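Trainee: Take a look at the letters that make up each chain.
Number of protein chains: 2
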Amino acid sequence: MSTTRQQIIEKTSELFERQGYHATGLNQIVSESETPRGSLYYYFPEGKEELAAEAVWYKVHHMSAYVRQRLTGYPDAIEAIYQLMMEMADHAEQQHCSAGAPIAAVALETAGSNERLRQTCQAAYAMMQKPFEEKLLAGGFAPDRAEALAITINAVLEGAVILSRTARESQPLRVVAAEIKTLLQCSSPTA
Amino acid sequence: MSTTRQQIIEKTSELFERQGYHATGLNQIVSESETPRGSLYYYFPEGKEELAAEAVWYKVHHMSAYVRQRLTGYPDAIEAIYQLMMEMADHAEQQHCSAGAPIAAVALETAGSNERLRQTCQAAYAMMQKPFEEKLLAGGFAPDRAEALAITINAVLEGAVILSRTARESQPLRVVAAEIKTLLQCSSPTA
DNA sequence: GTCTATACGGTGATAGAC
DNA sequence: GTCTATCACCGTATAGAC
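Which chain is which? The protein sequence lines are E and Z, in order. Quick note: the first sequence uses my numbering, first residue 1, plus one each step. Quick note: the second sequence uses my numbering, first residue 1, plus one each step.
No wet-lab data here; the hints were simulated from the structure. Model, not experiment: these values are computed from the prediction. A portion of the hints provided could be inaccurate.
Unchecked claim - Calculated pairs, BS3-like style, for lysine-lysine (alpha carbon to alpha carbon, straight line, at most 27 angstroms): (1) K130(Z) with K181(Z); (2) K130(Z) with K11(Z); (3) K48(Z) with K11(Z); (4) K48(E) with K48(Z); (5) K48(E) with K11(E); (6) K181(E) with K130(Z); (7) K130(E) with K181(E); (8) K130(E) with K181(Z); (9) K181(E) with K181(Z).
Please put together the full structure from these sequences, using the hints given.
Mentor: Rendered as structure tokens:
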């Protein structure tokens, strides 16, 4: 795998996360990634759509692996998820709540106009849901409960990141972390 | 208030909801709103930014009024909120999950580049939070609990709408409705 | 693999007539 | 209030040389 190609993908996913799909031009991607101008259509012959799909895919692999790894830090599922969410709030605060929701940024702009990217984002969300579902299963939750709770965690995280970005405040992320903890506790099979 | 001006605002908010900010051009707004071409800069001399702020503002007034009205339908706060969320899922399904998250669409694309629109979206989210907070307060929840839960509802709704749009499936909305009901029940002061 | 030049359409915005 | 003409700029994409 060439470094150039990977550099383009990483910069694209970074720019999508900060600016969204339509606001990110191919020119900006090339110039900020400090990549040869001629390489873009060499590595991504189908143009922006192909590049965007790869960028989303790359980002979600990275994020879901991070989540899965972090969730192993605490044996208890509820505590692990709570600590992860608080850690995300710390992360957001460090970068002044300027980023987050990389899938949503692409999904909202393209779901209605580009079927390929819509499907990519759909698969991305499914992938983000899995680590939570697995951890809850391992924690003794019934399969249907684990799935419903993982969907809820996925949704509330996405929403809270957007609220935090908009308000430039990590508070929404911290609030929902505590509420999800409560929900998990009163849904716990051992409760 | 002229009809032309209002038509432009309504069509703009509709297009933002479906396509986002950058994908929606002034030309499209004029042509689809069937409005005189020359009127746009007459009513909105500051251009797209001013129009966008008004469109977000209009939409959020409309939505928060709808939510507040619907929450009066059931005396019990928990049941009222649950029914409202399920109603939103029905709505989404009727339009094939093609819309929703009108604030998020603008917020994600502009929060990092346009301070005015960022603040508008921030105020919009605050406005969306209020009806839930009020209903919970009236239902006997302590002020700080009502606020935290309203923030969570706001976040989970925004996230679930995005998940539903992306998957073309109302299931995420229905799932989070049930989970929020559980959370409210086990947070209830009368429980 | 990379470069440059270029095509073509669309963007937000302005000026000046009516 | 509205229209038209026009602006400069930007977007993605392609062709052909090296």
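Trainee: With reference to the structure, classify each hint as holding or not holding.
Mentor: Outcome of the hint check:
no., hint, result
1, K130(Z) with K181(Z), "holds (18 angstroms)"
2, K130(Z) with K11(Z), "holds (26 angstroms)"
3, K48(Z) with K11(Z), "holds (13 angstroms)"
4, K48(E) with K48(Z), "holds (25 angstroms)"
5, K48(E) with K11(E), "holds (13 angstroms)"
6, K181(E) with K130(Z), "holds (23 angstroms)"
7, K130(E) with K181(E), "holds (18 angstroms)"
8, K130(E) with K181(Z), "holds (23 angstroms)"
9, K181(E) with K181(Z), "holds (15 angstroms)"
Checked against the numbered hints above, the structure violates none of them.
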